[in-house]
Amino acid sequence: MLAPLLSLFLLPALSRAGVQELWWNVTYVQNANPDGLFPRRVIGVNDTWPPPPISVNTTDSLLLHVTNSLDVPTSLHHHGMFFNSTSWMDGAAFVSQCGIPPGQTFDYVVPINSSGQHGTYWAHAHATGQYVDGLRAPLVLHPSNESYQYDEEFTVILGDWYHQQHTDLLQKYLSVSDPGGIEPIPDSGLIYFAQNSSYLPPIAGTSPAPVASAVGFNENATLPFVPGRTYRLRIINTAAFAAFYFWIDGHDMHIIEADGTDVQEYPTDMLSISVAQRYSVLVQARNDSSSNWMIHANMDTVMFDSVPPTLQTSAYHSQLFCMHRLKQTDGMEQISPRRSHMPLGKYH
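Mapped onto mature numbering (1 follows the signal peptide of the UniProt record, and there is no 0), the consecutive letters of the sequence shown carry residue numbers -17 to -1, 1 to 331.
In short, the hints are calculated from the structure, not lab data.
Honestly, I wouldn't trust all of these hints.
[What the hints assert, rightly or not] Distance windows between CB atoms, simulated:
id, residue 1, residue 2, range
1, Ala75, Ser97, 19 to 25 Å
2, Arg212, Asn14, 24 to 30 Å
3, Thr251, Asn14, 53 to 59 Å
4, Asp271, Ser180, 15 to 21 Å
5, Thr42, Pro162, 49 to 55 Å
6, Val55, Lys155, 17 to 23 Å
7, Gly1, Thr69, 16 to 22 Å
8, Glu248, Ser70, 42 to 48 Å
9, Val290, Phe65, 21 to 27 Å
10, Val246, Gly1, 25 to 31 Å
11, Trp6, Phe77, 39 to 45 Å
12, Asn29, Ala75, 19 to 25 Å
13, Val246, His48, 48 to 54 Å
The C-beta atom is built at its ideal place from N, Cα and C for all residues, glycine as well.
Taking the hints into account, I'd like the entire structure generated from these sequences.
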């Protein structure tokens, strides 16, 4: 009852600007298999997985109705967002709010239009380890005027992936059988793409299946790059544990944003991106149709207590990193993913 009353209290202030209203029913989704290795139950939204990307103009506020259809409490945290004087909307369960009980709804009011923020963020569960089970999504705030000019943008979502439920991982991590507190090692690294409020679909006739079906992933998505045009890539590390190295063969990157803050343009050939960090880079598509180009996202194993041999089981299912081919087709470059088996140390 408290959440609806608070929402009604805040809505008069929100009415002076636009309000983007979303309804999320947090549900279990069966048989998701994003790495193509192991189908498992995940936590999704409205019976699909992964949860939908959120794209909001900075002149608006976000009103997100979250219904908990799980059998345990949950909450949603908008990572990096300001909640001045409304800390109960921050979503940290048992810190700034009680968890949303099963069967109940909480209305998150995110005051984007008054926060002065823009850029790249993400939303994720903040109750126990639920975002490890997949309750995480990109959140992009679009200002009226961007600091840098570009032709089009895409969001690149990175993440580690575990075949076990987060409850099993926590039980082992916190047990007396792990006195050194060795963190669970991921089973896979993931990379996938979104644009505005949609994930990019797979190439027709390829496998795995579309993510919305919860039986595969859009590892065969395509980024259409037109030669000579400039693209903004918003890169988000949604992992629980693993940092990533990110780079694109044959293409320069220029950093223009870090964690929601515009920065002076800075050239780089590689990003090191830790858990929860976000970067935006500008990439100009090359006028070269003679070669294919790859996007790399390599998990940094330095923090891993060990690197299981299963992380390198085959060329297609290498768990160290994913690679996405950039090719020229009918006057357009395209990125289509492939996994590759190569020594990670080569890129350190």
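Each hint, compared with the structure:
1. Ala75 <-> Ser97: 19 to 25 Å: holds, 21 Å
2. Arg212 <-> Asn14: 24 to 30 Å: Given about 38 Å between the Cβ atoms, the range is violated.
3. Thr251 <-> Asn14: 53 to 59 Å: Since the Cβ atoms of Thr251 and Asn14 sit about 39 Å apart, the hinted range of 53 to 59 Å is violated.
4. Asp271 <-> Ser180: 15 to 21 Å: violated, 32 Å
5. Thr42 <-> Pro162: 49 to 55 Å: Hint holds: Cβ distance 53 Å, inside 49 to 55 Å.
6. Val55 <-> Lys155: 17 to 23 Å: The hint (17 to 23 Å, Cβ to Cβ) holds, given that Val55 and Lys155 are roughly 19 Å apart.
7. Gly1 <-> Thr69: 16 to 22 Å: holds, 19 Å
8. Glu248 <-> Ser70: 42 to 48 Å: violated, 35 Å
9. Val290 <-> Phe65: 21 to 27 Å: violated, 39 Å
10. Val246 <-> Gly1: 25 to 31 Å: Because 28 Å falls inside the window, the suggested range holds.
11. Trp6 <-> Phe77: 39 to 45 Å: violated, 25 Å
12. Asn29 <-> Ala75: 19 to 25 Å: Holds - the Cβ-Cβ distance for Asn29 and Ala75, about 24 Å, lies within 19 to 25 Å.
13. Val246 <-> His48: 48 to 54 Å: The hint (48 to 54 Å, Cβ to Cβ) is violated, given that Val246 and His48 are roughly 35 Å apart.
Consistency with the previously given hints fails for numbers 2, 3, 4, 8, 9, 11, 13, ordered from lowest to highest.
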